[in-house]
Amino acid sequence: MFKYRQAWIAWLLMPVFFSCATYHERAQSYYDGLQTNNYQQAERSLDKNKLIQARRNRLLYYMEKGYVSHLLHQYDTSNTYFNLADNFTEGPRNGAWDIAVGTLTNPMMQTYRGEDFEIFLVHYYKALNYLYLGKKEDALVEARRITLSNNEQRDKFNDKSSRYSQDAFALIIQGLLYEGDNDINNAFISYRNAADLFLRQPNHTYYGVALPLQLQQDLLRMATLLGFTDQVTEYQQKLGISYQAQPVSDGGELVLFLENGTAPYKKQDDYFFTLIKNEAGFFFTNSSKLITVPVNFSVGIDASKLSVSDFNVFRLAMPSYVVRPLANAQFSVTVDSVAMGMVNTIEDINYIATNTLSERALKDISLALSRLLVKKIAEKQVKDKNQTAGDILQAVNLLVEKADTRNWQSLPAQISYIRVPLKKGENKVEIKTGGNTAATITVQGNGGLQFYNYRRMQ
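According to mature numbering (1 follows the signal peptide of the UniProt record, and there is no 0), the residues represented by the sequence shown are -21 to -1, 1 to 437, in order.
Hints may be right or wrong, so weigh each one.
As a list, the in silico PhoX-like pairs of lysine-lysine whose alpha-carbon atoms are at most 25 Å apart [claimed, not checked]:
#1 K381 to K359
#2 K284 to K364
#3 K342 to K354
#4 K114 to K403
#5 K284 to K217
#6 K381 to K268
Hints in this document: simulated from the structure, not taken from any laboratory.
Whenever a hint applies, use it, and build me the whole structure from the sequences.
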């Protein structure tokens, strides 16, 4: 009977070797198309991928579909999907059934709600799409929605300076959108809010990005235009610079966003913990006893019926990011063969992704281990009645245990920007990497503020 049970469990576990692929691996053909700049092929792969189109992954599908449509210059279609993504994130959070599914199986089976920074990047691409479609008013609506998203983010972390409580990049985008509409007062407020985020941090660096010089200049320029002499004096002192007004170019300016590399993707890491009890209560600890995590009883565990002796080792599957190498060549820009100033980095998605995941690691580990404990309790209850059935349940639980390795993986790794002056009429703008021309665009100087984004995948 024992040998029969072993054979039965071994047969049951065979699929585990075929079901452990991560989200990244199962969507590889789509991402391969993007990496080779074959966007039409990538879109076809996306539309054929059943995993991304699964109901629980529909937010990922909306974001990926919106982004690949953006790359294909299908800006109206792109915003159709980004609006669906927006509506989804603003809808009700995961219900009891969704949470139960995650507890009984794994987090990959729950509805994907998106990383916080992903939501801000939806605003960025939507605003660009609207501008490219000539819908400035809709782009300004997006600017106002950035305020709402930032307020929600601030409330989520009680505006702690040590957490990702606001998005500086989104505030800079907001300021540029307002400035493009000649709304100098709101542009000043946005730039000031962004600068204050940096100034609150050690070395004036917020999530891997140093306070951009361009932001400093824009803040002081808006304050000067508004006649806010006290603010000019205050921020010159805080920033350690002396502002000198520059002549306004006849053709206006081009704000050029330079998107480099590809965002990190998630992989699965396995860890092993045991259950312990001391005078403070029940805890999980790893073999070296260096990590101690409290049991989260909110998942439905009855502490009065919990016994350490009933359980052995817990195998925990957790996600971690794989950061892809970035090309060493730096961006530079010329206009009509004249070299422009320095390009400023304003968003480091590599840094934000890895650090926000690390910041919530203890909470995530506690919840995941407590979820495993619920399964272990169920296994014991079944084994007490029927050993074979209990062994089968144990095998099934082992089979379905997976880390949630989903994320919006087509995003750039970093975003930089530069403002370049334009003359009236035709301007030849060259984007260079390592001295070699990567792209050339022709911009008609019209006296206003124009926008353009360029993506380098590798």
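Tested hints:
no.	hint	in the structure
1	K381 to K359	21 Å, holds
2	K284 to K364	17 Å, holds
3	K342 to K354	19 Å, holds
4	K114 to K403	23 Å, holds
5	K284 to K217	58 Å, violated
6	K381 to K268	24 Å, holds
Hint 5 alone, counting from the list given before, is not met by this structure.
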